[in-house]
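Okay, here's what each chain looks like letter by letter:
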Amino acid sequence: MERPLDALNQAKGKKVIIDLKNRKQVIGTLMAFDIHPNVVIDNAEEREDGKIVRKLGRIFIRGDMVVMIAPA
Amino acid sequence: MERPLDALNQAKGKKVIIDLKNRKQVIGTLMAFDIHPNVVIDNAEEREDGKIVRKLGRIFIRGDMVVMIAPA
Amino acid sequence: MERPLDALNQAKGKKVIIDLKNRKQVIGTLMAFDIHPNVVIDNAEEREDGKIVRKLGRIFIRGDMVVMIAPA
Amino acid sequence: MERPLDALNQAKGKKVIIDLKNRKQVIGTLMAFDIHPNVVIDNAEEREDGKIVRKLGRIFIRGDMVVMIAPA
Amino acid sequence: MERPLDALNQAKGKKVIIDLKNRKQVIGTLMAFDIHPNVVIDNAEEREDGKIVRKLGRIFIRGDMVVMIAPA
Amino acid sequence: MERPLDALNQAKGKKVIIDLKNRKQVIGTLMAFDIHPNVVIDNAEEREDGKIVRKLGRIFIRGDMVVMIAPA
Amino acid sequence: MERPLDALNQAKGKKVIIDLKNRKQVIGTLMAFDIHPNVVIDNAEEREDGKIVRKLGRIFIRGDMVVMIAPA
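From first to last, the protein sequence lines stand for chains C, Y, U, E, S, L and F. Note that the numbering used here has the first sequence beginning at 1, numbered continuously upward. Note that the numbering used here has the second sequence beginning at 73, numbered continuously upward. Note that the numbering used here has the third sequence beginning at 145, numbered continuously upward. Note that the numbering used here has the fourth sequence beginning at 217, numbered continuously upward. Note that the numbering used here has the fifth sequence beginning at 289, numbered continuously upward. Note that the numbering used here has the sixth sequence beginning at 361, numbered continuously upward. Note that the numbering used here has the seventh sequence beginning at 433, numbered continuously upward.
Do not rely on the hints blindly, as some may be mistaken.
[Stated by the list, open to error] Below, simulated DSSO-like cross-link-like pairs (lysine-lysine); rule was C-alpha separation at most 30 Å, straight line:
1. K343(S) <-> K487(F)
2. K339(S) <-> K24(C)
3. K271(E) <-> K231(E)
[As the list claims (entries may be wrong)] Chain Y regions said to be covered by chain U (calculated; three or more residues, Cβ under 8 Å):
4. 89–103
5. 110–122
6. 125–133
[To be verified] Between beta-carbon pairs, the in silico distance windows are:
7. D178(U) <-> R75(Y): 24 to 30 Å
8. G482(F) <-> R219(E): 48 to 54 Å
9. Q370(L) <-> G482(F): 35 to 41 Å
Hint data in this document are derived by calculation from the structure and do not stem from the laboratory. Glycine residues also receive a C-beta, built at the ideal position from the N, C-alpha and C atoms.
With the hints as extra help, turn the sequences into a complete structure.
Next comes the structure, spelled out in structure tokens:
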């Protein structure tokens with residue numbers, strides 16, 4: 001792997017967990033990303049302290065909110 | 073979908089819920105957005121802890137305040 | 145409307161309410177704005193917890209302080 | 217007025233009050249500014265909770281500290 | 289060594305510990321980095337107060353979250 | 361004076377007091393600055409609550425830490 | 433000295449103390465820096481409240497974490 005965004009490219013279409021700076025997490029399918037990385041997540045669930053707090057559908061997350069993106 | 077902003081383009085003219093960094097939410101019709109994404113929301117309602125706290129009409133929200141944008 | 149700044153252009157010369165990141169509000173006439181959006185407000189009143197705390201005249205507000213701009 | 221910085225140009229040589237992000241205020245004569253807007257204030261007084269806490273002479277203030285600039 | 293990113297290049301394929309701005313740590317193999325530096329870590333473990341709190345697999349970490357990167 | 365950085369140029373070689381965003385102050389001779397403004401201070405003393413807490417010699421301060429620069 | 437980064441160039445290969453925004457300090461030999469300034473420190477020790485809390489070896493520190501760099 002040459003560049004970090006290659007890892008996001010490999011994760012496209014797969015289920016990921018995104019840690020956000022507001023200490024919440026979003027879990028769902030990675031549909032799209034850009035260099036910031038702004039991301040679009042499908043079938044998104046928001047979790048707080050390990051519990052699902054909202055089902056959100058297809059959402060846009062602003063890139064500067066992202067802490068890390070891991071496989072779910 | 074290729075780019076995250078495509079998701080916002082698909083949401084144009086529809087009702088969205090925007091989570092803001094000040095932990096408030098704005099619900100209304102997505103009228104316009106740009107790459108930041110600054111957004112314009114029509115018939116905007118501001119919510120805090122799930123309750124409507126203000127009806128705001130057509131508002132401009134600065135892009136760096138956006139956490140996520142979801143269908144309402 | 146194509147771009148979010150079009151909404152500010154339509155608000156020019158009208159009374160607006162600006163929510164700031166320091167949780168204060170400024171109400172007055174929108175005289176000028178740029179892409180940040182830095183704004184100039186005339187006959188500006190500063191409010192905190194719904195009360196007028198200062199009358200400020202014609203003021204310059206740094207764009208990164210803006211949360212949202214709504215009709216007043 | 218076309219651009220927000222025009223308002224600062226009109227204030228040049230006049231007494232202004234600058235609200236800073238650290239919740240202090242600086243009052244004095246606006247000598248120079250740029251697009252950030254970094255500013256130079258002459259005969260600057262620093263105020264906190266409405267009281268003068270320091271007389272500072274001619275000072276440089278970093279632009280990102282500025283909340284708003286009003287006539288004094 | 290001429291440039292700081294040379295040090296990351298030398299660490300590629302090796303085990304590193306990354307201190308994050310949210311006061312957590314990630315330990316694992318440095319797979320990729322860019323100039324921000326966004327990083328990809330393989331076999332990532334998240335630690336908090338010295339204890340492993342999550343095993344995360346191959347993760348993407350946003351560059352602005354990085355405090356420091358050290359050999360593990 | 362045309363530009364704010366002119367004021368720093370006039371202060372070069374003179375004793376200045378720099379207020380930092382961490383609420384500390386550095387006092388010493390302004391040796392160099394750039395547009396951020398990163399600064400180099402010679403014979404630097406760090407003060408906290410008006411007391412000297414460290415003598416630091418010749419130091420580099422990152423520009424984004426600067427609140428204001430005043431004559432000492 | 434013309435530019436602030438010249439001071440870092442003079443410190444290259446010497447022992448420095450770096451104050452970080454998380455209120456920790458890193459002491460060690462300055463190996464490399466760039467304009468942000470990201471830095472590489474060799475034989476790095478992390479200090480908190482004046483005590484060594486970790487020996488870290490050769491580390492990369494993200495430039496935006498730097499408050500100041502002083503001779504050690």
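Against the structure, the hints:
no.: 1; hint: K343(S) <-> K487(F); result: holds, 25 Å
no.: 2; hint: K339(S) <-> K24(C); result: holds, 20 Å
no.: 3; hint: K271(E) <-> K231(E); result: holds, 15 Å
no.: 4; hint: 89–103; result: holds (count 4)
no.: 5; hint: 110–122; result: holds (count 4)
no.: 6; hint: 125–133; result: holds (count 6)
no.: 7; hint: D178(U) <-> R75(Y): 24 to 30 Å; result: holds, 26 Å
no.: 8; hint: G482(F) <-> R219(E): 48 to 54 Å; result: holds, 50 Å
no.: 9; hint: Q370(L) <-> G482(F): 35 to 41 Å; result: holds, 38 Å
When each numbered hint is compared with the structure, no violation occurs for any of them.
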